[in-house]
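> Work out the full structure: start from the sequences and follow the hints.
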Amino acid sequence: MVTARLLSATGMLGTGFPEDSLRHGLDMSPDMIGCDAGSTDSGPADLATGLCRYPADSYRRDLRLLLPAALSHGVPLIIGSAGGAGGDANVAWARAILEDVAQELGLRFRLAVIQSGQDKTWLKKRLADGKVHPLANSPAFDDAVIDRSVTIVGMMGAEPIIAALDAGADVVLAGRATDTSIFSAVPLMRGVAPGPTWHAAKILECGAAAAENRPAPDCIFAEIDETGFNVSTPNPMLRCTPISVAAHSLYENASPFQFTEPSGVLDTTKSTYLAVSDRVVRVEGSTFSAVGPYTVKLEGVQFAGYQTIVVAGIRDPVLIEGLDSFLDLCRQSIATRVVRTYSEVSADDWSINFRIYGRDGTMGRYEPVRDAVPHEIGLAIEITANEQKLANNIASIARHQTLHQGFPHWKGFLSNIALPYGSSNLIRGAVYEFNMNVVVEPDEPLQMFRTELVDITSTGSATASSRKAVKSA
Amino acid sequence: MRLRDIASLVRSKNAGPFELTFDILFADADRYEAVKRTGVIDAEYFATLFQLRPADVSIFEYDPAYAFKITIPRPVSSGSPGDGDVYGCQQFGPLADLDIPLEEAT
Chain A
68 MVTARLLSAT GMLGTGFPED SLRHGLDMSP DMIGCDAGST DSGPADLATG LCRYPADSYR
128 RDLRLLLPAA LSHGVPLIIG SAGGAGGDAN VAWARAILED VAQELGLRFR LAVIQSGQDK
188 TWLKKRLADG KVHPLANSPA FDDAVIDRSV TIVGMMGAEP IIAALDAGAD VVLAGRATDT
248 SIFSAVPLMR GVAPGPTWHA AKILECGAAA AENRPAPDCI FAEIDETGFN VSTPNPMLRC
308 TPISVAAHSL YENASPFQFT EPSGVLDTTK STYLAVSDRV VRVEGSTFSA VGPYTVKLEG
368 VQFAGYQTIV VAGIRDPVLI EGLDSFLDLC RQSIATRVVR TYSEVSADDW SINFRIYGRD
428 GTMGRYEPVR DAVPHEIGLA IEITANEQKL ANNIASIARH QTLHQGFPHW KGFLSNIALP
488 YGSSNLIRGA VYEFNMNVVV EPDEPLQMFR TELVDITSTG SATASSRKAV KSA
Chain B
2 MRLRDIASLV RSKNAGPFEL TFDILFADAD RYEAVKRTGV IDAEYFATLF QLRPADVSIF
62 EYDPAYAFKI TIPRPVSSGS PGDGDVYGCQ QFGPLADLDI PLEEAT
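These protein sequences, in sequence, are chains A and B.
The numbering of the first sequence is this note's numbering, which starts it at 68 and goes up by one.
The numbering of the second sequence is this note's numbering, which starts it at 2 and goes up by one.
The hints are simulated quantities; they were obtained by calculation from the structure and are not laboratory data.
Hints may be right or wrong, so weigh each one.
What the hints assert, rightly or not - Among chain A residues calculated to face chain B with C-beta under 8 Å, some are:
| # | residue |
| --- | --- |
| 1 | Phe324 |
| 2 | Thr451 |
| 3 | Val498 |
| 4 | Asn504 |
C-beta: ideal position from N, C-alpha, C; glycine also.
Set out below in structure tokens:
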């Protein structure tokens with residue numbers, strides 16, 4: 068019977084895991100160690116800037132443990148969506164840290180770096196050839212969107228990772244990849260059934276989130292066989308239960324039953340979850356079917372302006388009761404003062420948003436509770452402009468105007484907002500937005516991704532020839 | 002009673018940058034089935050709250066975890082300048098307070 072044993076270090080590289088959990092996981096004889104390292108979840112900035120939201124020190128700590136662990140046990144380490152978002156710059160950021168740790172620890176290994184950045188000319192040709200298809204709730208997609216994108220990546224499936232392993236890679240540092248591909252590559256190479264493989268991968272990519280009430284990021288382990296898989300936590304203080312594992316199919320997924328991968332669809336409609344002990348769960352009944360052509364999902368981001376924020380409190384009960392008309396007065400006064408200072412700036416160059424915490428700061432216009440009058444309001448004045456200096460200056464105008472805006476009830480000169488940070492505005496810098504939700508049909512699964520093989524040695528690194536390495540059984 | 006009084010977990014989160022998904026979990030089959038029978042977790046509720054058409058709302062009954070899942074298009078994409086909740090994780094407040102027409106004894 069063909070099996071595969073998979074160890075997931077944690078749900079997101081850089082968020083850590085207990086060293087003891089890793090040791091326990093290694094004692095369970097994994098065939099690979101994997102870690103998801105990026106997501107769109109925190110917004111577009113990581114992909115747009117090429118920077119990772121997790122500190123380099125945390126990344127370094129995790130790699131200092133994972134690299135020697137994998138190498139000393141003779142199993143591959145696979146990191147996907149590196150550097151927070153998997154863009155080419157994110158991968159370069161992660162690679163520098165990884166090579167640095169390798170030098171520091173005197174490690175020798177073959178590294179595969181797989182880039183997922185997409186060529187705009189190629190994408191436009193694909194679009195013209197009818198090979199690009201929109202997903203649900205997709206913004207319009209055309210050449211103009213491609214042109215103004217700061218970065219576009221494709222989400223690789225398991226195939227480029229498998230090819231890297233076939234070429235002898237001990238460590239795979241992949242750009243944007245589906246979370247599951249990180250963990251499905253090794254089992255698929257070994258010929259394990261795809262249904263259990265993709266479902267196990269889906270659970271593993273979040274680390275110990277599928278365990279019951281995990282207090283902090285931690286490892287998780289799966290053993291896959293022909294008919295299903297067993298999932299458990301290396302940390303003996305944690306446990307998986309049928310509910311904790313079943314419930315995990317819900318998290319961050321649009322459907323709990325169907326999960327689309329580049330090569331097909333995982334279906335968990337008939338999956339069953341059974342406790343084989345008070346800590347281990349067996350899952351059976353998951354299926355995977357190829358549906359339609361092989362498709363690669365694109366993620367893209369575009370520039371959306373420069374922002375400066377003013378944070379303030381309001382405790383005047385009169386002002387709170389008349390807040391809407393007060394803010395209308397502020398908007399008019401601010402616009403007038405902006406035009407006075409910047410006669411050449413048009414209304415299209417900037418915008419202002421008053422975010423009103425205590426009323427609808429979180430849900431905006433969808434907030435259904437409209438009749439409550441709080442005793443305090445938290446105000447975030449958001450200025451967005453096409454230049455940072457303009458955003459900063461308009462924020463100063465807005466802050467000053469909102470502070471002293473007169474309104475009918477009180478007679479005299481007013482000061483309306485409690486500023487906790489003096490006259491300091493919070494300069495957010497460039498902001499971005501996701502701008503596409505489409506899949507592309509490549510000619511074959513490796514076409515959209517570029518792999519570089521590097522032999523890391525104590526004296527540095529050298530490009531490797533892609534010969535097949537001899538791996539011990 | 003309110004949903005928060007009978008559910009073990011109510012949460013919201015992004016499902017990618019363009020969709021928002023809600024999970025409602027119950028501790029056991031009895032509570033889950035009781036709420037199912039009331040029919041109050043429906044597309045109309047979410048369509049009204051988020052100013053959508055009912056056809057835009059996907060509702061799943063996920064028996065293995067005694068849970069409902071509801072997925073809608075995100076009003077604005079995650080992290081775009083107008084977005085007040087990059088993770089989409091604090092959009093379930095009104096849902097937690099939803100009135101469930103059941104007796105307290107359940």
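> Which hints from the list above does the structure break, by number from lowest to highest?
none
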